[in-house]
Amino acid sequence: MVQKKITSNKDKIGVIKGIYNQALIDIDKIKKERDKKIRTILKDIDNKHIAKTRQDIKNLK
Amino acid sequence: MSQEDIKESPLDKAKRLKAEKELKDQAKAEDETKKQAEVQARTEKLGALNNSKQDLEKQLEEINLKIDVSRNEAHETRDTMKDGGLDQDEEFKDEYNSTVSEVAGNLNELRNERNRVKAELEQINFNIENFDVNETIAEGKEITQGAVETVERENKEAIAQVENYPGAETGDIKIAEKITAETSKEVNQAVENADKEIKEVVDGDVVENISSKDEKKEFLINVEELKDRIQASREKMLATGAHTLNTEEEIKLYSSLGKPEELKKAQEQAANYYEKQLSAYGWAGDKYRDSGDIKKAEEMYRKGIVENEAKLKMDVNKVTFVTVNICARTAEMYEKLGDSEKSREMYKNLIETAEKISPRDSQGYKEVAIAYEKLGDSEKSKEMWEKDASMWGESKAHQAAASYEKAGNKEKAKEFYEKAIAYQEKREEPDSEILAEAYVGIGQKGKAIEILNNTIKKLEKRGATNGSFHLYEVMSKYL
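Order-wise, the sequence lines are chains A and B.
Quick note: the first sequence uses our numbering, first residue 1, plus one each step.
Quick note: the second sequence uses our numbering, first residue 1001, plus one each step.
Do not take every clue at face value.
Claimed, not checked - Capping the alpha-carbon separation at 20 Å, the derived lysine to aspartate or glutamate pairs in EDC-like fashion look like this:
{"hint": "1", "chain 1": "A", "residue 1": "K10", "chain 2": "B", "residue 2": "D1132"}
{"hint": "2", "chain 1": "B", "residue 1": "K1419", "chain 2": "B", "residue 2": "E1429"}
{"hint": "3", "chain 1": "A", "residue 1": "K29", "chain 2": "B", "residue 2": "E1425"}
{"hint": "4", "chain 1": "B", "residue 1": "K1178", "chain 2": "B", "residue 2": "E1163"}
Please keep in mind that the hints were generated in silico from the structure rather than gathered at the bench.
If you're wondering where the values come from, they're calculated on a predicted model, not measured in any experiment.
Use the sequences and the hints to build the structure in full.
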């Protein structure tokens, strides 16, 4: 593959902007994954609560 | 009369347009002022750098002059003393040496000062030359720092949300804390990687591909290397975060690493959770069975059957998909207890139940297809798998393909795997797992592994241990 070193400041600025944009995209993805996991926790809490309520009703019977 | 019917008068229109234009002009002027302020700030910064440069150049000139004077003085001092023979006379030798040292010391001090100014000047020149690059870096740093701060703030909010959620227990809060800690770690890693890459760009170590589009590097699969990486990922997960995995993944991890004690403990914990927390006796039975507690497993299956059959009797007039599912789970439990007669009876019951309802989603067809399969009617089973396949939409084309595969319809399966690939590839963020499954479905296992490998590398770069571990496990299925 033909390659050349990035030496001009104009090219460097373009590459640097690209790197920061990628970092922001990565951060956004990480945030989305965190939000998804937190939603799962809340859902699990609900499920446990439902299971417990069911158990309590059964015990009452 | 509705509002749309009220016609705007020409005067009102003129007033509205005038107001709109004024707003637009104001925004434009503000934008221009902001831009001017930015240009001004940059000019001032650059001006300050140039002033510093001039100061340093002046300093350097003065020091050079001082050095010349000092050097001449030193030579003159030395020569004067030598002319007088002081360097040879025992009585004056010490004086001679100390005087020469003193002038040499003075000269060295000036030379050191000159080196310091030169270094500073070099740095200033570099900063002037790279002014725009440095400004871009400073701007990028500020933006990413803002993003990191937002993540940290949101992390705290997420923990508070779990803490304040009704029914949340200490364990849930701890998991939320772990998740947010991992998020912070990944975000910091992303920023660190960006800084590292930028340093390479600034230092001129980065190369760009001139014809990367035409000369795409071929991905070569090294199975042994991939297996080693999968093993390393498992060991890393064991050492750092097995507890952050879901129950099934944790069990699989211990099993693949040959950790019998941890495996048994995890299976028992899962069985206990399914039994006590979820009353899911079928799952609990499976886990007790896997951990070797057959007696407890059978007890769970029997308990599950009793409970399910009671539900079926209760819901006799209210037949839904849930009823079909209850039949399926009960038949499975009879099967696991070795009661094939009762199991078959329950599968027949399932088919009859499903006929009473018109399937509105694929779940019904899938259970009926399995029931026919268990009863030995493969033709009917295939028919049901075909029906199941027809229920999935474009985004789930891979599931339709899998059902066509079960129906033995290879042509349709291929067609739908290709649809799944087309759908995923046009998405901004394709699901690597689905893409890999679809490529394997059309016989391109190498491509599937390449896709997984690329995503894993991205995740590893971000420090996303759980994400990469999950995809390594998917990859291990295809090796």
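The hints, checked one at a time:
A distance of roughly 9 Å separates the Cα atoms of K10(A) and D1132(B); the hinted pair therefore holds under the 20 Å criterion. Between K1419(B) and E1429(B) the alpha-carbon distance is near 16 Å, which keeps this suggested pair within the 20 Å criterion. The suggested pairing of K29(A) with E1425(B) holds, with an alpha-carbon distance near 18 Å, which does not exceed 20 Å. Of the supplied pair hints, the one linking K1178(B) and E1163(B) holds, its CA atoms being roughly 14 Å apart against a limit of 20 Å.
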